[in-house]
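Peer 1: Chains A and B, in that order, are what the protein sequence lines are.
The opening position of the first sequence corresponds to residue 1 in our numbering, with each subsequent residue numbered one higher.
The opening position of the second sequence corresponds to residue 1 in our numbering, with each subsequent residue numbered one higher.
Among the hints, erroneous ones may be present.
One side only, chain B facing chain A, incomplete, derived with CB under 10 Å [as the list claims (entries may be wrong)]:
1) MET1
2) ALA8
3) VAL21
4) ALA25
5) ALA35
6) VAL77
In silico contact screen, one side only, chain B against chain A (beta carbon under 7 Å); selected entries [unchecked claim]:
7) VAL4
8) LEU12
9) VAL34
10) LEU63
11) VAL65
12) SER74
13) ALA78
14) ILE81
Listed next, with one range per pair, are the computed distances between beta-carbon atoms [stated by the list, open to error]:
15) A:ASP107 <-> B:ALA105: 28 to 36 Å
16) A:GLN63 <-> B:TYR80: 41 to 49 Å
17) B:PRO27 <-> A:GLU146: 52 to 60 Å
18) A:LEU138 <-> B:LEU69: 46 to 54 Å
19) B:GLY10 <-> A:GLU5: 25 to 33 Å
20) B:ALA105 <-> A:GLU5: 51 to 59 Å
21) B:LEU68 <-> A:ASP107: 29 to 37 Å
22) B:GLY73 <-> A:LEU11: 31 to 39 Å
23) B:VAL4 <-> A:TRP65: 21 to 29 Å
24) A:VAL84 <-> B:GLY10: 40 to 48 Å
The set of hints was computed from the structure by calculation and includes no laboratory data.
Being a predicted model, the structure only gives us computed values, none of them experimental.
Ideal Cβ positions, reconstructed from N, Cα and C, are used throughout, including at glycine.
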Amino acid sequence: MSAAETAGDALAVVLLLLGSFLCLTAGLGLVRFPDVLTRMHAGTKPQVLGVLLIMVGAAIRLQGWSATWMLLLVAVFQMLTAPVSAHMISRVAYRRRHVRRDRLLVDELHTGGEVRDSVYRGDEPADAPPEQPAEALLESRREDREDGRTVQPPS
Amino acid sequence: MTLVYGLAYGLLGIGALLALVRLGAGPSLLDRVVATDTLLVIIAAGLAVHAGLQRDPTVVPVLVVVSLLAFVGSVSVARYIGGMLVRSADDGQDVGLPEAAEEKAARATEADR
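Go ahead and model the full structure; you've got the sequences and the hints to work with.
Peer 2: See the structure below:
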């Protein structure tokens, strides 16, 4: 075995061990941290950096272009999808109040007790009720009056 | 080399076990979603470590499938929970949402102190 191959193997082994260590820290953080957002912070460490390290290590060891391209595909895919899923989970976590609000220093999403008309926000199906029910009702009544239709008075 | 095997699989296994603990204990559905996501990533990392250490490229396509599965699973569960959302003015008490389990537990432990 040549010196270059030995050095490559050593580098690959170090990268694989670093990635495995990040997986361990993710598990520790998941158990230790207090709420969903901090657990996400810990749990997504191996999703990007750990997967990248392990993919590079495996690509060095595998020495074939087909395997290398597929590992690159996995790494790119992780980097594309991790922000999307993290965004969706954290948004739902905030709205379902699984966030320790007393531990937040800045809470820019807090409405401060102001009542708004919106019933649904975000992930509605296409046939969901309108976002402003009162305004939509007034609008439809006004259109009915303009069309000359008889409107039943609300009983 | 045996040392490297033991070390890598030991780290991955302890991480997966701790993620399983959170998957079982997690007070909310979202904790379980996060734990499942992490568990699938750790499984993918374990497959890649196996492929790298054994020079065995046959498991590499499985990696693509596992990473796709993790994304689709977490996003679909997040959307499913998001469909149940009700807009609340303050902290959800006014529309009858129960107090979040974490906040209740934290308040109890802080009252004990």
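Peer 1: Could you say whether the range 25 to 33 Å given as a hint is met by the Cβ separation of GLY10 of chain B and GLU5 of chain A?
Peer 2: 26 Å, holds
Peer 1: Grab the minimum C-beta distance from VAL77 of chain B to chain A and call the hint holds if it beats 10 Å, violated otherwise.
Peer 2: 8 Å, holds
Peer 1: With chain A as the partner, please determine if VAL21 of chain B meets the hint condition of a C-beta pair closer than 10 Å.
Peer 2: Constraint on VAL21 of chain B satisfied, holds at 6 Å.
Peer 1: Given the range 46 to 54 Å, decide if the beta-carbon distance of LEU138 of chain A to LEU69 of chain B lies inside it.
Peer 2: 47 Å, holds
Peer 1: May I ask you to test the interface hint for SER74 of chain B with respect to chain A, counting a Cβ-Cβ separation under 7 Å as satisfied?
Peer 2: 4 Å, holds
Peer 1: Are PRO27 of chain B and GLU146 of chain A spaced within 52 to 60 Å by their CB atoms?
Peer 2: 53 Å, holds
Peer 1: Given a cut of 10 Å on the nearest C-beta pair, is the interface hint for MET1 of chain B held or broken against chain A?
Peer 2: 8 Å, holds
Peer 1: Does the nearest C-beta of chain A fall within a distance shorter than 10 Å of the C-beta of ALA35 of chain B?
Peer 2: 6 Å, holds
Peer 1: Go ahead and decide if the range 21 to 29 Å is satisfied by the Cβ distance of VAL4 of chain B to TRP65 of chain A.
Peer 2: 25 Å, holds
Peer 1: Would the hint on ALA8 of chain B be counted as holding, given a Cβ-Cβ threshold of 10 Å to chain A?
Peer 2: 5 Å, holds
Peer 1: Looking only at beta-carbon atoms, does the pair GLN63 of chain A, TYR80 of chain B fall within the given range of 41 to 49 Å?
Peer 2: Check passed, 43 Å falls within 41 to 49 Å.
Peer 1: For VAL84 of chain A and GLY10 of chain B, compare the CB-CB distance with the range 40 to 48 Å and indicate the outcome.
Peer 2: 32 Å, violated
Violated hints, listed in ascending order, are 11, 15, 24; each of the other numbered hints is respected by the structure.
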